[in-house]
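> Listed below are the residues making up each chain.
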Amino acid sequence: MSNGNYWNDIFWRRMSRRRLLQTGAAAGIGLGIAAACGDSGQEEGAQQGGESEEAKPGGRLQYVSSVNFDGVDPFRSIAAGTAIYPRVYNSLLRATAAAADTRVFDLAQELEQPDEVTYVFKIRPSVKMAPNSLGAPERDLDANDALASYEYAKSVPESNHGAFIKQYNVTFQAQDASTFIVKTDGPYAWTLERLGSPIACIVPREFIQNNVDLKQQGAGGNAFFIRAYRDGEVVSVDRNPNYWNQPLPYLEGIDYRVITDRATWRAALLSQQVHYYSAENSREAEDLVRQQGRLVYIKDPSYSYVSFIMNPDVDPQYRDPRIRRAISRAINREEFINTIALGDARPSGVVHWSLTDYALPEEELNERYQPFDVNEAKQLLREAGHPNGITIRMMYPTPQPTIDRYVPVLLSQFQAAGIQVQQEPVDFATWLNRYRQRDYASSLSLNQVYETPETPLNWHISVGPIGDGSYTRGLQDPEVDAAVRKANTTLDVEQRIEAVKEAQRLIYSKDPLMLNIYTSYSNILLWNFVKNYRSGIGTLTLAYNDIWLDR
Amino acid sequence: MQAYIIRRLMAAVVTVFVLSLAVFWLLRLIPTDPAVLILGMNATDEQVQGLRHEMGLDKPILQQYLDWMQQLLTGNLGRSFVTHSDVGDEILSRLPVTLELLALTVAFTVLFGIPFGIISAVYQNSLLDYGVRVVAVFGLSIPTFWLATLVILVPAQQWGYSPPIAQTVGLLEDPWDNLRQFVPPALILGLTAAAGIMRLTRSSLLEVLRQDYIRTARAKGLQERLVILRHGLKNSLVPVVTVLGLQVAGLLGGTVIIESIFTLRGLGQYTFEALFRRDFLVVQTMALYIAVVVVLMNLLVDILYAWLDPRIRYS
Chain A
1 MSNGNYWNDI FWRRMSRRRL LQTGAAAGIG LGIAAACGDS GQEEGAQQGG
51 ESEEAKPGGR LQYVSSVNFD GVDPFRSIAA GTAIYPRVYN SLLRATAAAA
101 DTRVFDLAQE LEQPDEVTYV FKIRPSVKMA PNSLGAPERD LDANDALASY
151 EYAKSVPESN HGAFIKQYNV TFQAQDASTF IVKTDGPYAW TLERLGSPIA
201 CIVPREFIQN NVDLKQQGAG GNAFFIRAYR DGEVVSVDRN PNYWNQPLPY
251 LEGIDYRVIT DRATWRAALL SQQVHYYSAE NSREAEDLVR QQGRLVYIKD
301 PSYSYVSFIM NPDVDPQYRD PRIRRAISRA INREEFINTI ALGDARPSGV
351 VHWSLTDYAL PEEELNERYQ PFDVNEAKQL LREAGHPNGI TIRMMYPTPQ
401 PTIDRYVPVL LSQFQAAGIQ VQQEPVDFAT WLNRYRQRDY ASSLSLNQVY
451 ETPETPLNWH ISVGPIGDGS YTRGLQDPEV DAAVRKANTT LDVEQRIEAV
501 KEAQRLIYSK DPLMLNIYTS YSNILLWNFV KNYRSGIGTL TLAYNDIWLD
551 R
Chain B
1 MQAYIIRRLM AAVVTVFVLS LAVFWLLRLI PTDPAVLILG MNATDEQVQG
51 LRHEMGLDKP ILQQYLDWMQ QLLTGNLGRS FVTHSDVGDE ILSRLPVTLE
101 LLALTVAFTV LFGIPFGIIS AVYQNSLLDY GVRVVAVFGL SIPTFWLATL
151 VILVPAQQWG YSPPIAQTVG LLEDPWDNLR QFVPPALILG LTAAAGIMRL
201 TRSSLLEVLR QDYIRTARAK GLQERLVILR HGLKNSLVPV VTVLGLQVAG
251 LLGGTVIIES IFTLRGLGQY TFEALFRRDF LVVQTMALYI AVVVVLMNLL
301 VDILYAWLDP RIRYS
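Residue numbers (the working numbering), protein chains in the order written: chain A, 1 to 551; chain B, 1 to 315.
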């Protein structure tokens, strides 16, 4: 396995799709996933430079968050903190469906699945705590730390990770210091993605026992520890000298700077005060590269989208599938893509295209399930008894740079199909509150980043996206509920991909209440001296601590 | 004078109390649940209720208000709902930033506003007067956020230069970088304030220069410079000082945006972020703080005015 590259020795575990399928099929007879290690994985996603060069240790990466931090508590913080604490605390492993054939082991070094609901992790020895003044000795982390963290997440109502644990009745056991067992109450397809998500952090058990407030401080066994937290300004993390995967990390530290104003961020990039910039669109990114040739442009698939969602509980006309289909036919995604994303995006189906194999082919979506056809829309409205069109109420959050650009396009498209819109612009907080309580007739809606198809599918089931009836009650259709359940409980990857697609086709056959518009790209710019920045793998990029600065 | 000050102080206390009530109740009128906003879209009901309890939002509103007042009166400003940081500590650590910005702004306001006001008045209806007035109108009409964006972006685009961003540099820590960081926003804020002061100085001085005693001063052969500076300016500055005092309070509002654009870690940015995050405790504390500053500045101006013009005390 080793080819002299550091992560091939111990860090990077990559499986080809075929190997993963074999492993999935063999799970029932107890073969270990960790046994299926593959090649270097260098072709996975984009990687900026550095691979053939000798890494230089030192330097601080100047990163930017465009929103202020809500803390760096791995159990509670959800905003900018989710980019920081995964570099401080370990997970058992890191995994995402955005890079489905990649597993990066961390606190665990090996996984076995003796049956469909049991996951046995072998804990890596010598994952040592970073120096800290928070009361945790510089000792090796073990299975008891994992147990303490997951039990704590289960017990804290507002915990990020607790919902998954409670929803699937997940149980944990530290068999001994080096063996950690996770059990679900039934087969669940996304267990590894859940355990491997950036919010599934393992915190030293002393912090939990002593009730240490981790909002502005923290240390664990991962590559960095938090040195400074200045609200509204910067969170600085420093290199953990005890990190198990030496000589990583190469960086002396990372400064996460808060710059909320885009012009200021751009100025900071151009004056090299920060090393990273997220351009508004490809045109801005290309302009900047033309202007400053030492900037590198990385185009990264996004995992989010804007949707139009209907609520038949408030507006009963949406109970008529012909109305729903008419609205679907009235939406011209190409126009959205050309006018808002400057042509640099692709239409989204129920599952967005960036989840690759899980998404339906674009041709199938465009030709069969969500074609743009104004005449059909009008015809459907006539058939539904509305020869003069219909009037709908649409809520949306404003001011929101994204949504504000969608509204006029959608209004004109709806108008062309005979759908008049009574607008309900509300501020973001009000929108979120009403959206959550299903207090809307229809809404133009922002979505979060979804790196598995689970939540995109769950928007269409009776218990809604997070299982408690918030936001929507979906199609209220037992067939759809069953199809989505099947997709979420099929362990074999190939079969699961088919189940996800079948669920989508079924949802389309019932005329969904939620219509996703398009998914674009993140347009990232870095100075060319930043090496080993990975893209195209979603949040899995946080699993890599080998970024270095060539200066 | 003493009775006058006591009356004004009592009125200020009542004003602050009413303001505290208004700030508290108005925030609660916003149809939103901060717990939902803080937890985001994936939060379950249990998570939301848990956070609401932690934030004390499940208590009766009157109880919440009394708890807050009790905290304030005991000097404990509480902890932010979102970041868990001590609000008092945050205010103390950010206060020097805002004070420095305000001090520089006021300095620029006085430095540009008053001399150009005098020049404009002395050379009334000359090209110089017109030029100064045009600049003043420009300063009054141009939005500070727009000017700030230009000031930060154009040098970066053209020469790869921008003031230090995203890390507030202390004056004693690095005076040069500190000034590079604070002078541009202070100049921008000062431009608007100076424009107002310039126009007020001009009109006030013109009015004074038409008084009989000025004519007398000139008639007795005093130098024009002495007539203007000693007899004219001194009297014309009374309303200018008053307005300047009120402007300082008003500038607190201006710092909210300017600190965010220049990434200065001051009280304006703190307020802006708290508003954005629906961090009720911080928002209401900062709103009350600004209200108290405005009330105090008004009080100071009232007292100053009474001292400058004894007729006010008896009215």
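Certain hints may be false.
[Stated by the list, open to error] Here are the computed distance ranges between Cβ atoms for each label pair: (1) B/Ile-61 to A/Ser-133: 53 to 63 Å; (2) B/Gly-56 to A/Glu-367: 24 to 34 Å; (3) B/Leu-29 to A/Thr-402: 19 to 29 Å; (4) B/Gly-56 to A/Val-67: 32 to 42 Å; (5) B/Arg-28 to A/Gln-423: 23 to 33 Å; (6) A/Glu-252 to B/Glu-54: 46 to 56 Å; (7) B/Ile-5 to A/Thr-402: 52 to 62 Å; (8) A/Arg-283 to B/Gly-56: 40 to 50 Å; (9) A/Ser-133 to B/Glu-173: 21 to 31 Å; (10) B/Asn-76 to A/Ala-228: 48 to 58 Å; (11) B/Leu-29 to A/Arg-382: 36 to 46 Å; (12) A/Glu-367 to B/Tyr-161: 51 to 61 Å; (13) A/Ala-228 to B/Gly-56: 23 to 33 Å; (14) A/Asn-144 to B/Ile-61: 40 to 50 Å.
Calculated from the structure, these hints are not laboratory results.
Even glycine gets a Cβ: it sits at the ideal position worked out from N, Cα and C.
> Now tell me if each hint is right for this structure.
To see whether the hints hold, each was checked on the structure:
1. B/Ile-61 to A/Ser-133: 53 to 63 Å: Given a distance of about 40 Å, which is not inside 53 to 63 Å, the answer is violated.
2. B/Gly-56 to A/Glu-367: 24 to 34 Å: 55 Å, violated
3. B/Leu-29 to A/Thr-402: 19 to 29 Å: The hinted range 19 to 29 Å holds for B/Leu-29 and A/Thr-402, with Cβ atoms some 28 Å apart.
4. B/Gly-56 to A/Val-67: 32 to 42 Å: Given range 32 to 42 Å: violated, Cβ gap about 25 Å.
5. B/Arg-28 to A/Gln-423: 23 to 33 Å: 27 Å, holds
6. A/Glu-252 to B/Glu-54: 46 to 56 Å: Roughly 36 Å apart at Cβ, these two residues miss the hinted range, so it is violated.
7. B/Ile-5 to A/Thr-402: 52 to 62 Å: 54 Å, holds
8. A/Arg-283 to B/Gly-56: 40 to 50 Å: This hint holds: roughly 48 Å between Cβ atoms.
9. A/Ser-133 to B/Glu-173: 21 to 31 Å: 24 Å, holds
10. B/Asn-76 to A/Ala-228: 48 to 58 Å: 25 Å, violated
11. B/Leu-29 to A/Arg-382: 36 to 46 Å: Holds, at about 45 Å.
12. A/Glu-367 to B/Tyr-161: 51 to 61 Å: For B/Tyr-161 against A/Glu-367, whose Cβ atoms are near 53 Å apart, the range 51 to 61 Å holds.
13. A/Ala-228 to B/Gly-56: 23 to 33 Å: 29 Å, holds
14. A/Asn-144 to B/Ile-61: 40 to 50 Å: Holds - the Cβ-Cβ distance for A/Asn-144 and B/Ile-61, about 44 Å, lies within 40 to 50 Å.
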